[in-house]
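Chains as they are written, first to last, in our numbering: chain A, 1 to 143; chain B, 1 to 144.
Simulated from the structure, these hints should not be mistaken for laboratory data. Ideal placement from N, C-alpha and C gives every residue a C-beta, glycine not left out. Hints are supplied without guarantee of correctness; some may be wrong.
Here chain A is said to cover these stretches of chain B; the calculated rule only asks that three of the stretch's residues, wherever they fall, bring their Cβ under 8 Å from a Cβ of chain A [as the list claims (entries may be wrong)]:
#1 13-26
#2 49-56
#3 60-69
#4 73-80
#5 85-92
#6 96-110
#7 120-127
These stretches of chain B come out as covered by chain A in the derived footprint (C-beta under 8 Å, 3 or more residues) [said to hold, decoys possible]:
#8 29-43
#9 134-141
Simulated restraints, written as ranges between beta carbons of each label pair [to be verified]:
#10 B:Gly72 / A:Thr119: 42 to 52 Å
#11 B:Ser37 / A:Phe7: 46 to 56 Å
#12 A:Pro49 / B:Thr125: 20 to 30 Å
#13 A:Gly62 / B:Lys60: 30 to 40 Å
#14 A:Ile118 / B:Glu122: 27 to 37 Å
#15 A:Ile118 / B:Thr98: 15 to 25 Å
#16 A:Leu121 / B:Val54: 40 to 50 Å
#17 A:Phe58 / B:Val129: 43 to 53 Å
#18 A:Phe7 / B:Ser33: 16 to 26 Å
#19 A:His2 / B:Lys8: 52 to 62 Å
#20 A:Glu48 / B:Phe64: 40 to 50 Å
#21 A:Pro49 / B:Pro51: 16 to 26 Å
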Amino acid sequence: MHLPPWFWFGLITLLSWGIVGLLQKLSTNYLSAEWALVWVSVGFFILEPWLYPGKVLFTYSGRALGWALLAGVFNALGAWALLAAMKTGGKASIVAPFTALYPLPVVFFAPLILHESITALQGVGIVCALVAVVLLSTESPTA
Amino acid sequence: MVIPVELKAKWLWYSILCVLCWGAWVLFSKLGSNEISASAMQFLFAFGFVPVAVLVLILKPGKFEKSLKGIGYSLGNGVLAGIGGLALFAAYRSGGSTPVITAATALYPLITVVLAILILRERLTWLQVVGLGFAVVAIVIFSL
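Working from the sequences, and respecting the hints, build out all of it.
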């Protein structure tokens, strides 16, 4: 059976990001969320030479670069909050799927900020996400 | 007023904060990606981590934590997150269907759940399993 290249690349993404959830929990067994974030940042920088886009980087507008950096700041804040969730007793099997629901606020705010409308299917997604949040949260704080 | 025990859990509020921050990340990424390619965006993301890492260490000062295991897991976390992103761009560029790739890779928390059950011996209640099912449906819908 011949599988196309995109399948294998997609599988690498799926497995890498899935393992990341496990590593996040394991790292906070040994480090505070703050120090774990520092080393996660170092991990990101190890890959920077492969991601460097070349001279085109200097042709982007200041506004676009600002959005990109701001995106990075919020990505980092989210990563710190996730690590803190795991450090304060959140299970990897609960926090990972819970935090994967981050498109929920996007769907809420996209009409206001990006002037995009919500489809009926996205409405179903919102309801499912809210039900998931409630059910995944049914855990005693000492668990 | 009696506060439900679940709402007293710190992890829940940190998780909600994560969802809100990553929601903002997606919105700002969308604004930036009008001009900047996805891989260049990922290159720039790393620079956004620097001020936050410095800030959290200033706001919560403490001793340098030198657990080699913790450092190794964290470095692996950063590297694998980046590799996953690179592979995703490669998948898009190698001709697959964008909705299929997006929806399939968005299911990464299921891998975490399986690994957490097998390796960390975590257990889920039946209500949480049902919640996981709703989360999967929501994640797939949002990624389409």
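Structure-based check of each hint:
1. Requiring three or more residues with a Cβ within less than 8 Å of a Cβ of chain A, the coverage given for the region 13-26 of chain B holds, as 12 such residues are present.
2. Closer than 8 Å: that is the beta-carbon criterion, and the region 49-56 of chain B has 6 residues meeting it against chain A, so the requirement of 3 holds.
3. With a cut-off of 8 Å between beta carbons, the region 60-69 of chain B has 6 residues touching chain A; three or more are needed, and the interface restraint holds.
4. With 8 residues having a beta carbon nearer than 8 Å to a beta carbon of chain A, the region 73-80 of chain B meets the requirement of three or more and the stated coverage holds.
5. Coverage of a stretch by a chain is defined here by at least three residues with a beta carbon nearer than 8 Å to that chain's beta carbons; for the region 85-92 of chain B and chain A the count is 7, and the condition holds.
6. Look at the region 96-110 of chain B against chain A: 9 of its residues bring a Cβ nearer than 8 Å to a Cβ of that chain, three or more, so the hint holds.
7. Counting residues of the region 120-127 of chain B whose beta carbon lies closer than 8 Å to any beta carbon of chain A gives 5, which reaches the threshold of three, so the coverage claim holds.
8. Three residues within the 8 Å Cβ limit are the bar, and the region 29-43 of chain B against chain A gives 13, so the coverage statement holds.
9. Only residues whose C-beta sits within less than 8 Å of a C-beta in chain A count toward coverage, and the region 134-141 of chain B has 7 of them, enough to reach three; the restraint holds.
10. Gly72 (chain B) and Thr119 (chain A) have their C-beta atoms about 43 Å apart, which keeps the hinted 42 to 52 Å range intact.
11. Between Ser37 (chain B) and Phe7 (chain A) the CB atoms are about 23 Å apart, so this pair departs from the stated range of 46 to 56 Å.
12. Separated by about 45 Å at the C-beta atoms, Pro49 (chain A) and Thr125 (chain B) break the suggested range of 20 to 30 Å.
13. Range check, Gly62 (chain A) to Lys60 (chain B): about 32 Å between beta-carbon atoms, so the 30 to 40 Å window is met.
14. Separated by about 34 Å at the C-beta atoms, Ile118 (chain A) and Glu122 (chain B) satisfy the suggested range of 27 to 37 Å.
15. Remark: the range hint 15 to 25 Å for Ile118 (chain A) to Thr98 (chain B) is upheld by a beta-carbon distance near 20 Å.
16. Remark: the range hint 40 to 50 Å for Leu121 (chain A) to Val54 (chain B) is upheld by a beta-carbon distance near 41 Å.
17. Under the hint 43 to 53 Å, the C-beta atoms of Phe58 (chain A) and Val129 (chain B), about 50 Å apart, fit the expected range.
18. The hint said 16 to 26 Å for the Cβ distance between Phe7 (chain A) and Ser33 (chain B), and at roughly 25 Å that hint holds.
19. Our hint of 52 to 62 Å for His2 (chain A) and Lys8 (chain B) holds, since their Cβ atoms are close to 54 Å apart.
20. Our hint of 40 to 50 Å for Glu48 (chain A) and Phe64 (chain B) is violated, since their Cβ atoms are close to 24 Å apart.
21. Range check, Pro49 (chain A) to Pro51 (chain B): Cβ separation about 22 Å, and the 16 to 26 Å hint holds.
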